[in-house]
Structures are given as structure tokens and as C-alpha cells.
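Each chain, letter by letter, is given below.
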Amino acid sequence: MSGLQSLRLVRVSAVSGRRILAARVISFIAALAVGAVVLAACGFDPLHLGTQILKKSLGSRFGLEDLGLLLTPLILTGLAVTVMMKIGLWNIGADGQFYIGAFAATAIGLFVKGPEPAMLVLCFIAGAAGGALWILVPTLARAYGKVDEIITTLLLNFVALLLVYYVATGPWRDRTTGTVASTGRVPYEMPDFFGSLHWGFVIALIAPVLFGLLLRYTKWGYEIRLTGANPEAAHYAGIPVRRRMIAIMLLSGAIAGLAGMLEVTGTVHRLQGGISNNYGYLGVMVAVLARGSPVGVIAGAALMAIILNAGIILQTQGLTTAAVLALTGLIMMFTAVADQFAHYRLVRALPQAAAATATG
Amino acid sequence: MELITGILTTAVLAGGVLALAALGEVLAERVGVFNLGVEGLMALGGVTGIIAVTLYPNPFFGFAMALLVGLGFGALFALATVVFRANQVLCGLALTMLGSGLAVTIGKGYSGMPAKATFEKIIIPYLSDLPILGRAFFSQNILVYLIYLIIPAVISFMLFRTRHGMNVRAVGENPAAADSAGIPVTLIRFCYVTIGAALGAGAGAYLTLAFVPSWSDGVVAGRGWIAVALVIFAGYRPFGAVFGALLFGVITAIGYVGQARNWPISPTFLSMLPYLGTMLAMILPVFLWRRLRLGFTAPAGLGVPFFRDER
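From first to last, the protein sequence lines stand for chains A and B. Read in order, the letters of the first sequence are residues 1 to 360 in this note's numbering. Read in order, the letters of the second sequence are residues 1001 to 1311 in this note's numbering.
Derived from the structure by calculation, the hints contain no laboratory data. No experiment lies behind these values; they were computed from the predicted model shown. Warning: the hint list may mix true and false statements.
[Stated by the list, open to error] From the derived model, a few chain A residues whose C-beta atoms are all more than 10 Å from chain B:
| no. | residue |
| --- | --- |
| 1 | 36 |
| 2 | 43 |
| 3 | 55 |
| 4 | 61 |
| 5 | 86 |
| 6 | 146 |
| 7 | 152 |
| 8 | 176 |
| 9 | 243 |
| 10 | 244 |
| 11 | 246 |
| 12 | 267 |
| 13 | 292 |
| 14 | 326 |
[What the hints assert, rightly or not] Heads up, incomplete: computed chain B residues facing chain A, CB under 10 Å, no partners named:
| no. | residue |
| --- | --- |
| 15 | 1034 |
| 16 | 1036 |
| 17 | 1089 |
| 18 | 1090 |
| 19 | 1096 |
| 20 | 1099 |
| 21 | 1100 |
| 22 | 1103 |
| 23 | 1125 |
Yeah, the Cβ is synthetic: ideal placement off N, Cα and C, and Gly gets one too.
Work the whole structure out from these sequences, hints included.
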């Protein structure tokens, strides 16, 4: 056997994070290149668009504030999906839980009167409880009937969207300003600390760190990690797998609901039909980028926020949100493939070794 | 009487969308691949159908073009999940985003415009005169007959009555064993995932050329996801999928009738019915099929990429 023939692709089951990162950078560039070619074919100038994005999102104070406002929900929905990944489950319903969190916080904000700090705490609790409640049925179905959680969580997104749309255009419609598509202004607001950036951003930064610490340093966290790695082994080790699963799923829902509450009290100040802005679905993307690391969620969300911000800038240049969604999907697929490619290594095998692996 | 006929007629028409998409998903899941991109494929198929009939006003041309686009994107998805063995859940979600986004982008100029050519009703003599059922089942467009009878029959026969079908099912149940028996696992997975995706896109074209019939943003409205859920409800069987789709057609039709007749419920809540119904249909079988001792379980290899070198 000579030179070329003895080169083989070998699959390695465990690879370093650095290798995966390298594969991802390449895939990200590849996805952008495909996007650029398509944009160029549609008559846009990709280079001009690229420099515009960098200048407007990272080069100005307003750009940074916007980035922070986008980061807040993305970190939380990304964390919500990551939390469930830890036990080997997918939460595709973060969008719906986000809506219900926003819905619950708005309900408190519009109909309960009290001092602002107390009301914000109440909104916080309501948002988290709303999100947890929205994932309750999928949780019980999963825990007691092994019903696939991917689809049950997802279906409830549509129900939540319809519900929010209904109250925002119907019973809770803003009657003072006459807008037809949103509720009145929620009088309780998260205080700002950097321009229009509110303290919800800080909560969003703390949450992943807190969850990471819980996971690493507590008995509960250890049991979660064990259950995620091997449910059967966890069961035989005496861990109440079902109870841990229920706790994790409800926590995941609560975090997504919290994201919705912060969006209402911190950024939008009203409940409206499109308030989730696909954050729940983008959270899946963030969680994937973070590869199950709670703190990595912040980095993943940062990349996603830059892409979203780019999308907003691109809209002023004539590109639609739908096109940005398509580009996000493309990046996601390239990332998934890149993660696999990182597992392959080109090996120059000795003739004997090659023969041995071929027969063995 | 007239109310029941009305509901059934709409149900059959509405259920066709779900049935065709679910049949495609049955194929993909039977060979062990979980395709969550159906929603995106339907959007792509729908917009392709509309654009195609605008260029050349023949519904069959529109439907065929949608199938072709479905084959293309299905091959892309199969390349990622079957050949490169990337995570199926991720790639499916990615395909949904890519497809929905792309469809809305290219369909911008066609939004709200009625289809230039639609599938016409074919009235089957004598049978269509049957009371109640006649008009609902035997006075529909040609795709309805294809979707409810011919395609599931072909798939059913192939899967359960031929040697090739046995191989196909083996690939989904135990790819490693199938591989040692000399069955080309990757090839079979690739082909059926791609064909399944084509049916998903075809369902989109059915939506815009026979059911609505026009294109607008969000016209798919989660039907792709309902179709994925239906496959589980159907126990991964072609005729089960068709039956389930009809059931969902009835739920959808009740919502429409309620809106048309001004029932004292907000249309928003009637629109929730299909999603809530699907939830119920996901949860019930677990307890029901188990009680009835039916072997309606998922293919054992579903969702697991097959690595020959890690056997």
C-alpha cells in the first residue's frame, strides 16, 4: 500500500473542546460565505453589509445597549434549554413558556396595585411560576408516560402565542392610546443602569453561573449529572430519577418564563403578540452553541445577539426577518455538521495497522 | 345532517395536508431518522407550488415542482444527518428555520394572491350520491384519493409485504444487525429520508394549491409539527397516519364551522383546538395502546446515528 491509500479517516469518540471550537469557527465562516453568495446573487453587497453590522453593533454605545437588551432573554432561554439538556431532554417550548411568563407578569402589573419593589418581586414570581406551569403537562407526561417532550413542549408554543395574541388584542387591549395590538403600559419597571439597559441583564448573567455552581458543587447537581449521563445507572444508585426529572423540567420552564417577565418589565413594558421574537427557538441554538455548559450559554447568547442585531441592521438595508431566520437555520445546520466533523481525524496508518483494522 | 356533511367534507380536505406530511415522516422514522424539519419543508413546498403555477398554470406542475424542491432539501438534510451523522434534532430545527425563512423571503411577492391554478374536484359517480359520506369522501380533488388511499397502500405494501420492506424496517430497528446482514444502511436511510421530505414539501403544495388555496406568511401554522406528532399517534403505520390525520381534520373543521356559525367562543380558542388535540393524542396512546397491548412502539434505532466504525 502506498501514500494515499494508507491515509484513513478515523472516528474519535471523545474530542477536545478546542477542536470542536475550531471546527465551529470554520463552519460559521462557511455558513456566512454561503449566505454572502446568496445575498450577492440577490443584488446586495455582502461586504458593505458586513462592515455596517460591525460598525453599528459593536462600534457605538447604542449598539452595545441594544446588544445587552437582546442578550438578556437569549441567555435565559438558552439556559432553560441547557438545564433540560443536562438530564438528556429537549425543551423546544421555551417560546411558549416565555409568552406565559410575560403574560403572568403583565397580569400582575396591570391588575394589582402596590409599591414598585414589592410588585417587581411579585411579577418575578408570577413569571417564573407561569413558565413552570406551562411545562407542567409535558413534564408529567414525560415522567409518567415517557411521552416525547420535544413535541408536547413545542405544541404548547402555538397555544401560548394564541392566548397572548387574544388578550393583547381583546380584553386587555390598550384603551387609552388606542393601539390595537398591545396591552396598556405595565406601570412597574426594572430599573436601568446603563442607558436603556436594565438590571434584568445582571440577573441573566448571574443565573447561568448560579446553575453551574449548583450542578458542580451540590449533591443535587451531582445526581442530575449522573441521571443525564446514564438514567439506568442513576436509578440503581438509588437516585429518584423521576423526581429529579420533574424538578429540572419545571426549573427549565421557570427560567424561560422569567425571561418573558424581564422582557415585559424591563424592555417592552407591554404585552404584545410578537413579544417573544423567537427567543425560545433561538435559545435552542444558544444551548447548542454552549454544548451543555451553563456558563458557555453567555458566550453562545453573545454570538446569537450579534447575529440578531445584525438582522435588525440588515432590515434597515432592505433584508427581512425571515431572511435572517433562514441564515440562522443555515448556521445551525453547519454547526451540527461541524460538531461531527470534529470527531474525525486523518490518520496515516501503517500498512499492517490498516490491514488489521480492516479485518478486525 | 348537513352540518355533519359540511364538517366531514372540510375534515377530509384539511386532513389531507397532515396525512401527506405524516406519511413522509413515517418513511423517515421507519428507517430511524427523526425529521423535525417538516414544518420548513411544507413552507418551501407551499411557496414553490404557488410560484410554479404562476409561471405555468397547471396544478400538477406546481405539485411536481414542490416534490422536486422537497427532494433537494431532503437530500441536504439526509446528507447532514445520515452521511455526516450530525444531531437529528438540531438539523431538523435548523431545516425548519431555514425552510420557513426562505419560503417567506421568496414568497414575498406572492403573499395573499389566490393560486393561479388549483386542483379541481373529481366527482365519483354513484358513490358521491351516498348520504352524509358521499360528498365528503367521493367528491374531492384527485390528491385526496392519492393521499388517503393510494400512497398509504403503496407504502404499507412495501413496508410489510416485500423483502425490501423488511430490510427497510430492519435498518430502523437495528442498523448494526442490518449492516452485518449486508443491507446498505446509509443508502436506505438516505433514500427514504429524502423521499419522506419530498412528501412533506408536497403537503405544502397541497395546502396552497388545493386547501387554502393561496400563499401567505405563516400559512403552514404548525401543521408540520402536528404531522410529526401524528406519526407517534399512528404507531408508525401508514394507514394509522391517514386515520389520525382525518381525526385532526375533524377537529380543525369543527373550529372552522364554529367561526362560520358565530359560536359564542372566540375564534382564537377554536384555533387552539388542533394543538391541544394533538397534545391529547400524544398522551392518550401511551396509556391506551399499552392497555390494548398493541405493538405500536417506535423503531428501536430512531434518532440514533449509525456509526459502522463504532460497532
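Cross-check of the supplied hints:
1. 36: holds, 15 Å
2. 43: Given that every Cβ of chain B is farther than 10 Å from that of residue 43/A, nearest at about 13 Å, it holds.
3. 55: Non-interface label on residue 55/A holds, nearest chain B Cβ at 25 Å vs cutoff 10 Å.
4. 61: Consistent with the label, residue 61/A stays out of reach of chain B, its closest Cβ about 31 Å off (over 10 Å).
5. 86: The claim stands: residue 86/A keeps its Cβ more than 10 Å from every Cβ of chain B (closest is about 16 Å).
6. 146: violated, 7 Å
7. 152: Per Cβ check, residue 152/A is inside 10 Å of chain B; nearest 6 Å; violated.
8. 176: Since the minimum Cβ distance to chain B is about 23 Å, residue 176/A lies beyond 10 Å and the statement holds.
9. 243: holds, 20 Å
10. 244: holds, 21 Å
11. 246: At roughly 16 Å from the nearest Cβ of chain B, residue 246/A sits farther out than 10 Å, so the non-interface label holds.
12. 267: Given a closest Cβ separation of 23 Å, the condition holds.
13. 292: Since the minimum Cβ distance to chain B is about 12 Å, residue 292/A lies beyond 10 Å and the statement holds.
14. 326: violated, 3 Å
15. 1034: Hint holds; residue 1034/B Cβ to chain A Cβ min 8 Å, cut 10 Å.
16. 1036: holds, 7 Å
17. 1089: holds, 6 Å
18. 1090: holds, 4 Å
19. 1096: holds, 7 Å
20. 1099: holds, 7 Å
21. 1100: holds, 6 Å
22. 1103: With a minimum Cβ separation of about 8 Å from chain A (threshold 10 Å), the hint on residue 1103/B holds.
23. 1125: For residue 1125/B, the interface hint is violated, since the closest Cβ of chain A sits about 41 Å away, which is over 10 Å.
Figure legend: structure checked against the earlier numbered hints; hints not met, in rising order: 6, 7, 14 and 23.
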